Amino acid sequence: MGDYEKMSETSKTVKSDIEIAQSAVLKPISKIADQLGLDESSWEPYGRYKAKVSVNILSKMNGKADGKVILVTSINPTPAGEGKSTVTVGLGQALNKIGKRTVIALREPSLGPTMGMKGGAAGGGYAQVVPMEDINLHFTGDFHAITTAHNALSAFLDNHIHQGNALNIDARRIVWKRVLDLNDRALRHVIVGLGGRTNSVPREDGFDITVASEIMAILCLSEDIEDLKKRLSRMLIAYTYEGAPVFVRDLKVEGALTLLLKDAIHPNLVQTLENTPAFVHGGPFANIAHGCNSVLATKIGAKLGDYLITEAGFGADLGAEKFLDITTRAGHIDPSAVVIVATIRALKMHGGLTKDELKHEDLDALARGMENLACHIDTIKSFGLPYVVAINHFIFDTDREVAYVTDWCAANGHPVALSKVWEQGGEGGKELAQLVVETIEKEENHFKPLYELNDSVEDKIKAVVTKVYGGKDVDYSPKARKQLKSIKQNGWDQFPICIAKTQYSLSDNPKLLGRPKDFTIHVRELKASVGAGFIVVMTGNVLTMPGLPKQPAALNMDIDKDGNVVGLF
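If you're matching positions, the sequence shown starts at 93 in my numbering and goes up one per residue.
For the record, the hints were derived by calculation from the structure and aren't laboratory data.
Possibly wrong hints are sitting among the right ones.
As the list claims (entries may be wrong) - Using 30 Å as the maximum straight-line C-alpha spacing, the simulated DSS-like pairs for lysine-lysine come out as follows:
#  : residue 1 : residue 2
1  : K344      : K144
2  : K119      : K395
3  : K642      : K447
4  : K152      : K447
5  : K609      : K119
6  : K609      : K559
7  : K619      : K603
8  : K534      : K156
9  : K609      : K554
10 : K603      : K447
11 : K395      : K540
12 : K156      : K123
13 : K395      : K192
14 : K152      : K395
15 : K144      : K189
Because the structure is a prediction, the values reported are computed rather than measured.
Construct the entire structure; sequences and hints are all you get.
Dropping the structure here:
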């Protein structure tokens, strides 16, 4: 579903996202590669409109200056929609319209939300990456490769135990789950190995969604194939009966896992509706993982364009914080500015309105909801980065509501522009594009991550909770305390942290909208993702295997006799 949701409520002539995408005139992918100056040895076609770009071109462009990296983030999401991907795509198109050579980098959509509730991640309206049907479904097979590699490791691990367990692995302390790229709550907790001695050793297991796999994170943080292999070899999978950690390298299967990912590591090249080049690669969720597209896509795109527009998942409390504290470190990326997307609809929901009340003007609710935007602005300012607020315009926004937000921004010294890219494509984003360029040119950039790597794990968590979420304290379950001790003993406390938290609230309670204060974040569990190079901090009730809603989006999807996809947003 696109940013304007059901615009057919007011007009039967408005096309759906998929209708707009299917009527677009796409350039052959060879033409998009030509626009970027790629020679034929640097890319491989995956059909007419998709390609894989070789990671090896980075070494060929070592002496070339990087373009300016612009991160797009947003306020906390609501059912009203924010349109972060749409603004990302539209801003890239708009920058090209004002004469700036621009490349876009996005995450690949997961089939979980595509078939479930959230929808895809290809933008919307006239600011989409295409072919959207392919991108939102199987695309180039990257997620299948990650799923296969992850579950292959599970098979190797269970087989090792079945075949004599030379490593003395304690089956009760295996920390490596299986994965599937669909929402399936029935698989959260399972028993494997039932049916007798020939079916391996019975033990408790479970499934995460593929985007939560450490292999997904590793693919997105690796700088080349050798780095990929080294990171895979370092993955923690279990402990022995004596309590010693067991890694992939102990099973000697890192080579096989890398082989399964040999194509997936190369970024995917597609285009927007206006033929702006776009890399779509990797897809970790920001509420349960680090939420950013691949380092390789961002770095290659920054070499090929004067501007690289990328996004991070969910609000600035999740995706942006992780991009700035994790991804920039892993990829040695220097961001130039941040665009913070807000919608009047979502701000009114943060101000206390229900979704059914959003069509009506309510300046009081809007005023209350501005506190959520203010918090995310403060977060970006704490990193020392220039920023711009983008108001993603919806058809039910009134002139007085738009004026209220722009006046509030002006009164508080926040650069702001109205974005109408859903309706008008790049043309509707030219004001925003010009403001972004001007802001980068005139504002000082003092970017610095929020914490130092040699800070304690507790201090890193406290820094994010107090400086980003606005909370006052952190408490730890007995299990988390025990895991903290193990992390320190094994020397993993020098990693950055990746907090898994609800996306709907600044707190770990999804019902606390707006800008809650004086709350405590509850840490229930910690996991060392040694290969990825961060510590996952599980808070509240956030799940790594979502469930389907009562009416999944899949119920509206179909394909006709001619092979045309229908009902996909």
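Subject >> In rising order, the numbers of the hints this structure does not comply with >> reply: 4 and 5
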